[in-house]
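So the protein sequences, as listed, match chains A and B.
To convert a position in the first sequence, counted from 1, into my numbering, add 299.
To convert a position in the second sequence, counted from 1, into my numbering, add 44.
By construction, these hints were calculated from the structure, which means they are not laboratory data.
Here a beta-carbon is modelled for each residue, glycine too, at the ideal position from N, C-alpha and C.
One or more hints might be untrue.
Stated by the list, open to error - Sample of chain B residues at the chain A side, in silico, Cβ under 10 Å:
#, residue
1, Ile102
2, Leu122
3, Ala125
4, Leu127
5, Cys157
Stated by the list, open to error - Capping the alpha-carbon separation at 27 Å, the derived lysine-lysine pairs in DSSO-like fashion look like this:
#, chain 1, residue 1, chain 2, residue 2
6, A, Lys331, B, Lys144
7, A, Lys474, A, Lys364
8, A, Lys364, B, Lys64
9, A, Lys436, A, Lys474
10, A, Lys523, A, Lys390
11, B, Lys116, B, Lys64
12, A, Lys430, A, Lys409
13, B, Lys144, A, Lys474
14, B, Lys144, A, Lys325
15, A, Lys326, B, Lys144
16, A, Lys364, A, Lys468
17, A, Lys474, B, Lys76
18, A, Lys523, A, Lys557
19, A, Lys396, A, Lys474
20, A, Lys331, B, Lys137
21, A, Lys326, B, Lys137
22, B, Lys144, A, Lys364
23, B, Lys137, A, Lys325
Said to hold, decoys possible - Residues from chain A that keep clear of chain B, each with C-beta distances beyond 10 Å, as calculated:
#, residue
24, Ala305
25, Gly319
26, Ser324
27, Gln333
28, Ala345
29, Asn346
30, Thr393
31, Leu486
32, Glu561
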Amino acid sequence: MNILVAFIVLAVLGGILGVGLSIASKKLAVVKDQRLEQLEAMMPGANCGGCGFAGCAAYAEAVFKGIAQPGLCSPGGQSLTDRMSAVMGVKAATVEKMVAYVFCKGSCSKTTRDFEYMGLEDCNAASILFKGEGSCKYGCLHLGSCIAVCNDDAISRDSDGQITVDPEKCIGCGKCTRICPNGVIRLIPYNAKYVVSCNSHDNGARVRKVCEAGCIGCRICETKFPQSGFKVQDFLAMTDFKADILEQEKAAQSCPRKIITELRR
Amino acid sequence: MSYIAILLTYVFINNFILAKFLGLCPFIGVSKNSESAIGMGLAVTFVTGTASVVCWCIYHFLLVPFALEYLKTLSFILIIAALVQLVEMVLRKMSPALYKALGIYLPLITTNCAVLGIAIINIDNAYNVLESFVAGIAAGLGFTMSIILMSNIREKLDLQPVRQHFLSVPIAFISAGIMALGFMAFDNSLLTNLHLA
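Bound-form chain A, shown alone (with noise of 0.2 Å):
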């Protein structure tokens, strides 16, 4: 009988305030406009934060108010740009893919060390003890904060610590290249061909010490091939991504060092 009197007390108490809640939800609703409503619903959802607004909803605010142009968002790419411009009446920009790249093809077995990192498993901690273990003070310290970072599983690394992003799973969102303390992960276009991949500024000499891999400067894809569009600035070559991709192709085959890489997609 007192469970019955407790079972029935606690439902009329729960049944009276739901509704309750459910009339003053109705007068209290708030009136959103229709537009607003519909850039919120075609946002992907992923909440990267690319945009470099807090969220999605933040960013479809932003559009609304006129503050932020369509196109800044990287997952949802040109079709979203399409649709938001759309229902803001303005004219569609073209915006290009961006996907991360790793600028930096020294695994494990490639470079050499100037000491053993035995503390956290994260760049930056690692970064903070003279810029980690490497002797490369440019290059990727293999810790793989990156992949802790990505939410769309893009990233990976193999048994000789070379980290590599899968394009086709990358959204562009960028949170790698903030993460990286050395910024080695970079954004580059989805449809790019040919790429430095090295990001040290060291002389010839001692990349050369240091890493069978990495650019030492040597400039002859520069000089040889000047419509490839590669530069070389403090030792280091440059990528022109619009460049004509035949010469960056000689360019990548005359390379002594085989550090400009074909992405192939």
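With chain A fixed as given, assemble chain B onto it according to the hints.
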């Protein structure tokens, strides 16, 4: 106990944050700037005040007649949750800016032990309805005072050189601990000396 004594008790002597350690989540979470701290403090004060009265009524007019006193925790949580939902809806309608500033911490008042704490303390101390209301408001005001003090400290801390590993939350906890030590100065002798006990 006079109303002034109740007020002093829950603002200073039994301050919910600094002496009872109730409701620490919003205390650390929303104390980054003083504007949202004031908003959060007032929202909590409103909820503790109304929750005290409503819970007192439910206890004395519903649970006691049916001899269901053992259900007080369950039914109080039910009432507080509904009340917070209502406050959330009202805020979203009346003050979207405050609603945004409070963010996730507004629904978190639901599970804030400070609110449930004051409702149960009222019953345990056998306060009447007006005393309960004063105690609820006082608990909220004590919370508001400590969160505003904390937010001012944290705004100052933002301009100070702090070790990287202590930045933001860790240094806030250390400051809160020192503040709690300071508040140990208030005890029941305050009431005795003011001839209120």
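For the hint on B/Leu122, just tell me whether its beta-carbon gets within less than 10 Å of chain A.
holds, 6 Å
Check the non-interface label on A/Gln333: least C-beta distance to chain B beyond 10 Å or not.
At about 18 Å from chain B, A/Gln333 clears the 10 Å cut-off, so the statement holds.
Quick one: work out the minimum CB distance from A/Glu561 to chain B and report holds if it exceeds 10 Å, violated otherwise.
Holds, because the least Cβ-Cβ distance between A/Glu561 and chain B comes to about 41 Å, which exceeds 10 Å.
If we take the beta carbon of A/Ala305, is the closest beta carbon in chain B still more than 10 Å away?
violated, 5 Å
Under the criterion of a CB-CB separation shorter than 10 Å, is B/Ala125 in contact with chain A as hinted?
With Cβ-Cβ at 8 Å, under 10 Å, it holds.
Using Cβ atoms and 10 Å as the threshold, tell me whether A/Ser324 really stays out of contact range of chain B.
violated, 6 Å
Taking 27 Å as the top limit, are the C-alpha atoms of A/Lys331 and B/Lys144 close enough?
holds, 15 Å
Would you check the hint for A/Lys436 and A/Lys474, treating anything up to 27 Å between C-alpha atoms as holding?
holds, 21 Å
Pair hint B/Lys144 and A/Lys364, alpha-carbon separation not exceeding 27 Å
Roughly 16 Å between the alpha carbons, so the hint for B/Lys144 and A/Lys364 holds.
For A/Leu486, is the shortest beta carbon distance to chain B beyond 10 Å?
Correct as stated: the minimum Cβ-Cβ distance to chain B is 27 Å, above 10 Å.
Has the given pair, A/Lys326 with B/Lys144, been kept, meaning a C-alpha gap of at most 27 Å?
holds, 20 Å
Given hint A/Lys325 paired with B/Lys144 - CA-CA distance at most 27 Å
Holds, at roughly 20 Å.
In summary, the numbered hints that this structure violates are 5, 8, 10, 16, 24, 25 and 26.
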